[in-house]
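Chains A and B, in that order, give the protein sequences. Residue numbers for the first sequence follow our numbering, so the first one is 1286 and each next one is one higher. Residue numbers for the second sequence follow our numbering, so the first one is 16 and each next one is one higher.
In case anyone wonders, no lab produced these hints; they're calculated from the structure. Note that the structure is a prediction, hence the values are computed from the model and not measured. One or more of the hints may lead you astray.
To be verified - To spell it out: a stretch of chain B is covered by chain A in this simulated footprint if at least three of its residues, at any positions, have a beta carbon under 8 Å from a beta carbon of chain A; those stretches are:
#, region
1, 31-39
2, 387-398
Claimed, not checked - The list that follows gives simulated cross-link-like pairs (lysine to aspartate or glutamate, EDC-like), each with its CA atoms no further than 20 Å apart:
#, chain 1, residue 1, chain 2, residue 2
3, A, Lys1397, B, Glu243
4, A, Lys1391, A, Asp1324
5, A, Lys1384, B, Glu167
6, A, Lys1397, B, Asp385
7, A, Lys1391, B, Asp385
8, B, Lys400, A, Asp1401
9, A, Lys1397, A, Glu1424
Unchecked claim - Simulated coverage check for chain A against chain B, where a stretch passes if three residues somewhere in it have a Cβ under 8 Å from a Cβ of chain B:
#, region
10, 1379-1385
11, 1496-1503
Note that beta-carbon positions come from the ideal geometry of N, C-alpha and C, so glycine has one too.
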Amino acid sequence: MNDMRIAERVVDSMESKITARGVQVFYGQNHALKDVDVDILDKTVTAFIGPSGCGKSTFLRCLNRMNDTIDGCVVKGSIKIDSEDIYDPKVDPVQLRAKVGMVFQKPNPFPKSIYDNVAYGPKIHGLTRNKAELDEVVETSLRRAALWNEAKDRLKSPGTGLSGGQQQRLCIARAIATSPEVLLMDEPCSALDPIATAQIEELIDELRSQFSVVIVTHSMQQAARVSQRTAFFHLGYLVEFGETGQIFTNPKDPRTESYITGRIG
Amino acid sequence: MSAGLLSLTVLALAIAGYILGRRRAVSVAGGDARKLHSLPSYHGQSVFLFTAVPAFILMIFWLLAQPVYIENRVTALIPNIEADDAAARELAMADVRRVASGLDLAIAQGALRQADLDTLQAGATDLRGKLAGVGVALGADVSQYTFEAAREYRALKGSLGIGMAVAVLAAAAVGFAFAWSRISVAFRARNVSESFVIAMLIGASLVAVLTTFGIVFSLVFETWHFFELYPARDFFLSTTWSPKFGGGSSLGILPLLWGTLYVSVIALLVAVPIGLLSAIYLSEYASRRFRTFVKPLIEILAGIPTIVYGLFALITVGPLLRDWFAQPMGLGNSSSSVMTAGIVMGIMVIPFVSSLSDDIINAVPQSMRDGSLGLGATPSETIRKVVLPAALPGVVGAILLAASRAIGETMIVVMGAGAAARLSMNPFEAMTTVTVKIVSQLTGDTEFGSPETLVAFALGLTLFIITLGLNVVALAIVRKYREQYE
């Protein structure tokens, strides 16, 4: 597999899917994210890079309100998806999370069969009317996650029995089975070997045709390979946000340049 | 030399061995401990272990074997008429032991002299009077053969005691010398004490396993005796339980088993929902502060003595159920009932279910919850569909522990459900359980020869097999349905 391949930089749409303005996050006394403004385009892969503890995962978790599950976490500012404020009291975070899927750092398939893993979301949201429809959703999700050929003969065997890369693709299939509009990925390849990583990256590029994908990564090569837009976070600030090629070849901020050349981290 | 003094001596020797061995190791290395393969304290430890452990093992076996040997030798002195019948022989031996200890006391207090003892004739002197003088009352005059047997008993005990002291001290000394001679710069004392520790750990676990076998074996043995006296068919299939010590009793286990199961099921119906739901609340919803405050409070329930629960059943729950439920519904007017015992027992086992389940639910990785919440599941859907299935084996284990506590419980049943064996569906009637009947068959003046007492062992064994079967079945169920996370 050619590791040097670069994703198509041309974006299909200039429509912004997520608009964040003045986002601040506090964990108790700790001011984790300071005044972040971001516009995430539809049908685009946006990468968040930055050193550990810079707030990129925190910001990602704001986008589907997973931070609500952490005690003492306060989010200020406005985050709009399709011009609807997701922190509005009228918004049900549970519904929101079905619309904004998430894939985690470590593959976390449920200890159920492969089929039940994928069917989990559609079942709890009542997306299908009968077994045949559910079967179809499971199949299309697994196909989109490029896992169908490996898993079609063992749908009843436990998802935890798959290899690490397959497990992560299963988690992606599980996330896209609820037909989300945005897919958040928190370092999805950090627990995987290079081959599985390449498969996932290829998958991300394909998923772009249907979803807006936001990926947090520690690997700058990965960000360069898969994304069209890149945001660089440092010490809780969004330092620079722009077209990926520009960020990596011609950064405007000296801190971005120091980071991508390996001088701060 | 008494066993206590002997152990102290061996221990002192071993401690001296530790200090000396350590010192010798340092001196062998020329004062530089870095040259040794092992730290000096390991050399000391190896001397300590080789001195103490073999000596103590020898002492334990000697103490176990000695009474058997003495018994055999002394029984030979008792005339055949009495020695033929097991019960009579046991009685005669009890006499011998009593006279022997009386003689010990008499000599210690100066009423008799050791030298006189050899020439003494039981008939000629008023031995009974003399022993009564030092505080040992005998039921009858001491016969000549009892006296001789007692004399032999004392002599054997004395010489074997000395023999033991010599043998144990010799073992300690040999171990000491052996370990001492092995100390050198290259000696791997660290590895030696490591394998010694492993051997001790294996020994400790063997003791636990062997004890289990011992318990089962003793039960099986007595149960066998029982079935020789009483037909097994009647025991397992008869529906009446009415032991009569005059004979002609009917000893059917069914009413007792029914009572046991009925009470336990009610107890679990109380404990499992309350325990499990509170465990879910504590582990998934409650704040950390609330949890650290409430969990110990629930665990206090497990620490209350069962007799106190019994009182609670007897004076509070029992009358309450009778006045508010049983009598208005026309289901009886007894304050002792299966319901009373079941409810109180259920309260008792709540902490077994809740505390263990709470720990187990907490052990389910947070990533499982994140995964489910991230898909838009509500917290309660997450618990039902992801967390509980993953925690299932542990939760079933907790429920089983509660069930075995409930099945084995006695005090609450006696005070809450009464002692009348009965086969009835009415939960407001008095019934009783297997354990209560085991106690009542064995208390009082009994001898282990009649089916009325031996039945206790058969009951015990049946209960044991049932709980064992319960465990096996539950294990199989868990293995089939469990959802294993990594």
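Tested hints:
Remark: the region 31-39 of chain B is not confirmed as covered by chain A, as 0 of its residues place a Cβ nearer than 8 Å to a Cβ of that chain, below the required three. Coverage of the region 387-398 of chain B by chain A holds. Counting CB-CB distances below 8 Å, 8 residues qualify, and the rule asks for three or more. Simply put, Lys1397 of chain A and Glu243 of chain B have alpha-carbon atoms about 54 Å apart, too far for the 20 Å limit, and the pair is violated. Proximity of Lys1391 of chain A to Asp1324 of chain A is assessed by CA-CA distance (about 27 Å); at most 20 Å being required, the pair is judged violated.
Taking the CA atoms of Lys1384 of chain A and Glu167 of chain B, the gap is about 94 Å. The hint is violated against a cut of 20 Å. The straight-line distance between the Cα atoms of Lys1397 of chain A and Asp385 of chain B is roughly 16 Å, inside the 20 Å bound, and the hint therefore holds. Taking the CA atoms of Lys1391 of chain A and Asp385 of chain B, the gap is about 11 Å. The hint holds against a cut of 20 Å. The straight-line distance between the Cα atoms of Lys400 of chain B and Asp1401 of chain A is roughly 11 Å, inside the 20 Å bound, and the hint therefore holds.
Taking the CA atoms of Lys1397 of chain A and Glu1424 of chain A, the gap is near 17 Å; set against the 20 Å cutoff, the hint holds. Look at the region 1379-1385 of chain A against chain B: 6 of its residues bring a Cβ nearer than 8 Å to a Cβ of that chain, three or more, so the hint holds. Only when three residues or more bring their CB closer than 8 Å to a CB of chain B does the claim for the region 1496-1503 of chain A stand; here the count is 0, and the claim is violated.
The structure does not agree with the numbered hints 1, 3, 4, 5, 11 stated previously, though it agrees with the rest.
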